Amino acid sequence: MSANINRPQSQNPRSRVQGDHIPAEGENGLFTQSWFPICLSTEIPVGVVKGYGFLDGRIVVYRGDDGVANVTSAFCPHLGADLRSGDVIGNTLRCAFHHWSYDGDGRCVATKIGDPPPGTARLYKFASQERYGIIWAFNGDDPHYDLPDFPYPEEELVFRALVNGAPSNVDPWVQCANTPDIQHIKALHNIVFTQDDPEDIAWTDHSMVYSFTGVHTDGAEIDNVVGLYGTSLYYQATVYAGRWFGFLNPMGLPEPGHAQNYMVLCARKDMGTPEEVEAFLDFVEAVEKGVVAEDMLVMDSMKFRPGTLTRSDRTLARFFDYMRAYPRAHPSADFI
10 MSANINRPQS
20 QNPRSRVQGD
30 HIPAEGENGL
40 FTQSWFPICL
50 STEIPVGVVK
60 GYGFLDGRIV
70 VYRGDDGVAN
80 VTSAFCPHLG
90 ADLRSGDVIG
100 NTLRCAFHHW
110 SYDGDGRCVA
120 TKIGDPPPGT
130 ARLYKFASQE
140 RYGIIWAFNG
150 DDPHYDLPDF
160 PYPEEELVFR
170 ALVNGAPSNV
180 DPWVQCANTP
190 DIQHIKALHN
200 IVFTQDDPED
210 IAWTDHSMVY
220 SFTGVHTDGA
230 EIDNVVGLYG
240 TSLYYQATVY
250 AGRWFGFLNP
260 MGLPEPGHAQ
270 NYMVLCARKD
280 MGTPEEVEAF
290 LDFVEAVEKG
300 VVAEDMLVMD
310 SMKFRPGTLT
320 RSDRTLARFF
330 DYMRAYPRAH
340 PSADFI
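For the sequence shown, the positions run 10 to 345 when the numbering used here is used.
There may be inaccurate statements among the hints.
Below, computed lysine-lysine pairings styled on DSSO-like, alpha-carbon distance capped at 27 angstroms [to be verified]: (1) Lys298 with Lys195; (2) Lys312 with Lys298; (3) Lys134 with Lys121; (4) Lys59 with Lys134; (5) Lys298 with Lys278; (6) Lys195 with Lys312; (7) Lys59 with Lys121.
Since the hints were derived computationally from the structure, they do not count as laboratory data. Model, not experiment: these values are computed from the prediction.
Take the sequences, apply the hints, and build the full model.
Okay, here's the thing in structure tokens:
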């Protein structure tokens, strides 16, 4: 008896429709020149050094007596010992193996046995900053943009920063593609727009920002300003049922093909008592974690390949062009 084979009723396609290629992080040894979150500020008190995966290697973050968080390559240029096992002495980082010491600029300033430090004994010093409760590093010697501001002075806001789950299985820019993906906002997150799709979008060589009004799944009216900065930071400023909050979803790059999600939440101090503000931030955290969780159900198994698009994908298509043109480099390649 012959098998009952379920055959296609029409001829299968012989190739898939593909958009122009967008380089993955690490492709050809290059990475996008963006600000990436490395760790929470609270992870690095004075006198502490810790190691982290970044780009295609390892880095360390340490804080000396001056309170400054330094981000450098992880491996001692003497014989390659990992400096995460070292010690912070004053404002220097001392290697555990031979006690060579490095200052905040990555220069070897002393050896234990008294040999003059070789001029080539240098760590790679990343451009870094500490803001919104996070320590950030830039992939490049000269950052070409800054982190975004909220519409209120920081001293008028209460902030909360946290790590959100384990790394996802896509590059940060793939998660960022959710923001210009208007179809996804409506279909996956069930946001009902009370306007036409946004057309007035502010594009730069390092960002895109737009606004829209709508109705949340719980029936609350929302007025959103959303955007992307670089290739790793989602920005949001929202009036939710009459109450303002700010939200960032920065994504670290612990290794190619992975994104570590962080969250920064903020609310105005004058919206109530400290307890009321914290309760509101609890609510916002739950809402935003729910949104990110919906995305992660897709991102963790996605094979991201831009292909067939429709008219609703106009903004997404421009984002793909933005990514194709985005500057890439890897100046720390020989060090990390």
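Looking back at the hints listed earlier, which ones does the structure fail to meet? Structure breaks no hint.
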